[in-house]
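Use the sequences and the hints to build the structure in full.
Next come the chains, spelled out residue by residue.
Protein chains: 2
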Amino acid sequence: MTSVSNRVDLTPKQLEHLKSLVSGGVSSSKSVLEQHGMDESAHLPILPSAVAMVSSTEEVSKVLAYCNQERIPVTPFGAGTSLEGNAIPLFGGLSLDLTNMNKILDVRPDDLTVRVQAGVRRMALNERLSREGLFFSVDPGADATIGGMASTGAAGTTSVRYGTMRENVLALTAVLADGTIIEAGRETRKLSAGYDITRLLVGSEGTLAVITEIALKLNGIPEKMAAAIVNFPTLSDGFQAATAIVRMGISIARCEFLDEVCIQNVNALDGLNLKVAPTLLFEFHGTPQGVEEEAKAVAEIAAEFHGSDFEWAADEGARRKLWQARHNAHWAAMAANPGMRTVSTDTAVPLSRLAEAVRVASEIFNASRFKFSILGHVADGNFHVSIVTDPEKPEDLVEVRKLTHQLTGRIIDMGGTCTGEHGIGSVKIEDLVKEVGENGVNVMRSIKRALDPNGILNPGKIFSN
Amino acid sequence: MTSVSNRVDLTPKQLEHLKSLVSGGVSSSKSVLEQHGMDESAHLPILPSAVAMVSSTEEVSKVLAYCNQERIPVTPFGAGTSLEGNAIPLFGGLSLDLTNMNKILDVRPDDLTVRVQAGVRRMALNERLSREGLFFSVDPGADATIGGMASTGAAGTTSVRYGTMRENVLALTAVLADGTIIEAGRETRKLSAGYDITRLLVGSEGTLAVITEIALKLNGIPEKMAAAIVNFPTLSDGFQAATAIVRMGISIARCEFLDEVCIQNVNALDGLNLKVAPTLLFEFHGTPQGVEEEAKAVAEIAAEFHGSDFEWAADEGARRKLWQARHNAHWAAMAANPGMRTVSTDTAVPLSRLAEAVRVASEIFNASRFKFSILGHVADGNFHVSIVTDPEKPEDLVEVRKLTHQLTGRIIDMGGTCTGEHGIGSVKIEDLVKEVGENGVNVMRSIKRALDPNGILNPGKIFSN
Numbered sequence: 001m002t003s004v005s006n007r008v009d010l011t012p013k014q015l016e017h018l019k020s021l022v023s024g025g026v027s028s029s030k031s032v033l034e035q036h037g038m039d040e041s042a043h044l045p046i047l048p049s050a051v052a053m054v055s056s057t058e059e060v061s062k063v064l065a066y067c068n069q070e071r072i073p074v075t076p077f078g079a080g081t082s083l084e085g086n087a088i089p090l091f092g093g094l095s096l097d098l099t100n101m102n103k104i105l106d107v108r109p110d111d112l113t114v115r116v117q118a119g120v121r122r123m124a125l126n127e128r129l130s131r132e133g134l135f136f137s138v139d140p141g142a143d144a145t146i147g148g149m150a151s152t153g154a155a156g157t158t159s160v161r162y163g164t165m166r167e168n169v170l171a172l173t174a175v176l177a178d179g180t181i182i183e184a185g186r187e188t189r190k191l192s193a194g195y196d197i198t199r200l201l202v203g204s205e206g207t208l209a210v211i212t213e214i215a216l217k218l219n220g221i222p223e224k225m226a227a228a229i230v231n232f233p234t235l236s237d238g239f240q241a242a243t244a245i246v247r248m249g250i251s252i253a254r255c256e257f258l259d260e261v262c263i264q265n266v267n268a269l270d271g272l273n274l275k276v277a278p279t280l281l282f283e284f285h286g287t288p289q290g291v292e293e294e295a296k297a298v299a300e301i302a303a304e305f306h307g308s309d310f311e312w313a314a315d316e317g318a319r320r321k322l323w324q325a326r327h328n329a330h331w332a333a334m335a336a337n338p339g340m341r342t343v344s345t346d347t348a349v350p351l352s353r354l355a356e357a358v359r360v361a362s363e364i365f366n367a368s369r370f371k372f373s374i375l376g377h378v379a380d381g382n383f384h385v386s387i388v389t390d391p392e393k394p395e396d397l398v399e400v401r402k403l404t405h406q407l408t409g410r411i412i413d414m415g416g417t418c419t420g421e422h423g424i425g426s427v428k429i430e431d432l433v434k435e436v437g438e439n440g441v442n443v444m445r446s447i448k449r450a451l452d453p454n455g456i457l458n459p460g461k462i463f464s465n
Numbered sequence: 001m002t003s004v005s006n007r008v009d010l011t012p013k014q015l016e017h018l019k020s021l022v023s024g025g026v027s028s029s030k031s032v033l034e035q036h037g038m039d040e041s042a043h044l045p046i047l048p049s050a051v052a053m054v055s056s057t058e059e060v061s062k063v064l065a066y067c068n069q070e071r072i073p074v075t076p077f078g079a080g081t082s083l084e085g086n087a088i089p090l091f092g093g094l095s096l097d098l099t100n101m102n103k104i105l106d107v108r109p110d111d112l113t114v115r116v117q118a119g120v121r122r123m124a125l126n127e128r129l130s131r132e133g134l135f136f137s138v139d140p141g142a143d144a145t146i147g148g149m150a151s152t153g154a155a156g157t158t159s160v161r162y163g164t165m166r167e168n169v170l171a172l173t174a175v176l177a178d179g180t181i182i183e184a185g186r187e188t189r190k191l192s193a194g195y196d197i198t199r200l201l202v203g204s205e206g207t208l209a210v211i212t213e214i215a216l217k218l219n220g221i222p223e224k225m226a227a228a229i230v231n232f233p234t235l236s237d238g239f240q241a242a243t244a245i246v247r248m249g250i251s252i253a254r255c256e257f258l259d260e261v262c263i264q265n266v267n268a269l270d271g272l273n274l275k276v277a278p279t280l281l282f283e284f285h286g287t288p289q290g291v292e293e294e295a296k297a298v299a300e301i302a303a304e305f306h307g308s309d310f311e312w313a314a315d316e317g318a319r320r321k322l323w324q325a326r327h328n329a330h331w332a333a334m335a336a337n338p339g340m341r342t343v344s345t346d347t348a349v350p351l352s353r354l355a356e357a358v359r360v361a362s363e364i365f366n367a368s369r370f371k372f373s374i375l376g377h378v379a380d381g382n383f384h385v386s387i388v389t390d391p392e393k394p395e396d397l398v399e400v401r402k403l404t405h406q407l408t409g410r411i412i413d414m415g416g417t418c419t420g421e422h423g424i425g426s427v428k429i430e431d432l433v434k435e436v437g438e439n440g441v442n443v444m445r446s447i448k449r450a451l452d453p454n455g456i457l458n459p460g461k462i463f464s465n
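Chains as they are written, first to last, in full-length UniProt numbering: chain A, 1 to 465; chain B, 1 to 465.
In short, the hints are calculated from the structure, not lab data.
Honestly, I wouldn't trust all of these hints.
Identical chains blur together in the list; that is why a pair holds if it fits in one copy or across any two.
Said to hold, decoys possible - List of simulated lysine-lysine pairs, BS3-like, C-alpha gap at most 27 angstroms:
no., residue 1, residue 2
1, K103, K321
2, K13, K62
3, K224, K296
4, K62, K434
5, K103, K275
6, K13, K30
7, K402, K19
8, K275, K19
9, K434, K217
10, K224, K30
This is the structure:
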């Protein structure tokens, strides 16, 4: 295997050739390179050698066939909202920008599906779908591209009810390293036809193929949606309440928690007046009476676990405001700390270990010199510690990495995972080995070698080549 | 690649050696071989050369390492309830029987998970889980093993609400062809850590690895469950009603249809008195008022599409009886035709094409000399034509295969799949090529070669080696 393991800069001849393949242009201008050298994480930027703006699956195919022949590393790029450096071109080479591929190709209300190009953003998609009374459920905080969300295996606040990208991508078109165009999956709601290549590519962070089109499962907008907010004396009380609710088979649509620091931050950013206390947010989807009944049951269980100030946000304005605040938590942390960046951990544990896991995380970061806040998806056992770091001090990042590595080690020992929805990127490579073992990583590596023998696709991510 | 492509019979020396590896014994007795040479399909039996009763992951590892070295084909075997010959050892060799691995290893009510050995059967599992107020949702008609259900990518009547095996297998232990034991996934409800090896193995029909342990997602038994039955003048009316219901965001737990022949058969087998008409069965899970409200909404929509005789089975006895009838449909078809076997098709289409797809199926089989009935999972767009064949007349099977191949061709042209939940087995290999294209199948083949270079695992399934 002749994998890419050193920085690659394109020759003028290579650049010229690539320009002949791509209608949207190939750029090496400083500002464009800079924009494609970073994501929403606190990772230090690494510039690609060039950026190609592709416009079609066929263009992606031509570019990859050429890059494979020339051993040029290719890192796909969407909205740049990844949180683990997933889109940062570690070895330079070509950043493949898919944001021009932003067409919603086929809305099929009667099939509850939509087919989109990889560069479509989730908010634009939902705006279009709302006209049909439909929605696409996966909602990470950022307005990411669907291609990026598929590649990262993204999830969001509604995953407890509607699933993550793994459950919502029905089919896709992708291009292999050698330029071969493949179709995976079908736009049916059930499928058992051979290996599940769709779900192999979802979450593969652009290391196996470049996803160019995606068919998604949609849901009808429920007749009634209502949210509720409850405070607890401790997060642990809140988690116990949430577990009891899930066990009862109440099908909550969202169940999130924010610690006191998060509440302070979102109050400041969004001009809200939420009580500063460990807080759970719930959402219910269904018929009007069903929603009311579920909310009542939840309020009762919350009270058993010392929940107080159960507040009902039944009207659409109040509901949206609450979730906007939750989605803004990441930016609220940055706004509260001007000039700083945040590192977000992404561990998940079996439900019963959540309180312990969050306690471990608090202990680790309380013993450090960093400011942090904790929030997460309670009913999924997935939480994020958002750690404030100074981009001017690279030693900050080194120290934070040590702490997060310490946390993921403890979480994996508890039966948890180092990543619930952000992916491995380049920093959690060792954590993945600890998590699935050398044998597990070797299986992944064999698949990588089988599909990308020259290792040109997003090298240095998920495992060292 | 030195794949298995001819029948392999074990030498006395090989048999002796295998006996030294397996505590549960290795048998070559005629009755044992016969039992492992067939499944629930109408495929003609093919006997393995020997059957090994394995008791642990370590034993599976030793057996596979030896068989890989000796190039002995290995076909995993569970309850033998597959419907596409998935467990039939096409090239003889060893049938690896996992039914002794029937321990429920770890029920974790607070995590809503359970870990089981591959040979545990779904009904025994649910009996154990009911003590905790929990259930495992996937319910194919047969009392299959969890390992078999995972390998086939099985689904059932509740998949519309709770998903198929793909959504419910969280993690697994498996053994590669060379005996390497791997862990895939984690017992967390969300995971984005590297390639999704779990879902690659789910549905791989034992061709990539032998699954030995499985961690499953569980659900709390809902406070209220109620079923309803509605008749329609035509199936098409029923499908339109069902699509309208799904679009409204009503979260039905089950939505099934049976044609008139099915109703006649189950009436006869179960001593029921259901009206002989195209029939939809619904189930609702939730709070008492929520369920009532959903049922009311469904009744209204059904009436709009000419549904009649909406009958409510709110009490537990009536509800169970209704679903028992549905689950018995396969056996009811055989009971109505003594001495006969049935071939079951398994196509799925995008929701809006279901009426057309069922019409095409009816036309094809009405024009044939075979008796048949049609039933299916409306809200998943997945349906089965159950065709009655005479096992004494091999020419029957040849003719039926031609007809089913004709049907799958039409379905694939409609954007559908040749299999929603039964898998490819050995007969739908060409259909898979039509469905995902040569490039798509080649990706599967590359993965097969990377993980099982000698092609010993269940050769001749999914694709020709």
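When no copy is named, should K402 and K19 be tagged within, between, both, or neither for a Cα gap of at most 27 angstroms? neither (42 angstroms within a copy, 51 angstroms between copies)
Checking an output row: K13 and K30, CA cutoff 27 angstroms. Within, between, both or neither? within (19 angstroms within a copy, 70 angstroms between copies)
Under a CA distance limit of 27 angstroms, which applies to K434 and K217: within one copy, between copies, both, or neither? between (34 angstroms within a copy, 23 angstroms between copies)
Give the relationship of K224 and K296 under a CA distance limit of 27 angstroms: within one copy only, between copies only, both, or neither. both (15 angstroms within a copy, 16 angstroms between copies)
When no copy is specified for K62 and K434, does a C-alpha distance of 27 angstroms or less occur within a copy, between copies, both, or neither? between (38 angstroms within a copy, 25 angstroms between copies)
Go through the copies and call it for K103 and K275: within, between, both or neither, with a Cα cutoff of 27 angstroms. neither (43 angstroms within a copy, 49 angstroms between copies)
Given identical chains, is K103 near K321, meaning Cα to Cα at most 27 angstroms, within a copy, between copies, both, or neither? neither (29 angstroms within a copy, 49 angstroms between copies)
If the cut is 27 angstroms between Cα atoms, do K13 and K62 qualify within a copy, between copies, both or neither? within (16 angstroms within a copy, 55 angstroms between copies)
At most 27 angstroms between alpha carbons: which applies to K275 and K19, within, between, both or neither? Neither: 56 angstroms inside a chain and 69 angstroms across chains, both beyond 27 angstroms.
Using 27 angstroms as the alpha carbon limit, work out where K224 and K30 are close: within a copy, between copies, both or neither. For K224 and K30, neither the intra-copy (49 angstroms) nor the inter-copy (62 angstroms) Cα distance is at most 27 angstroms.
Consistency with the previously given hints fails for numbers 1, 5, 7, 8 and 10, ordered from lowest to highest.
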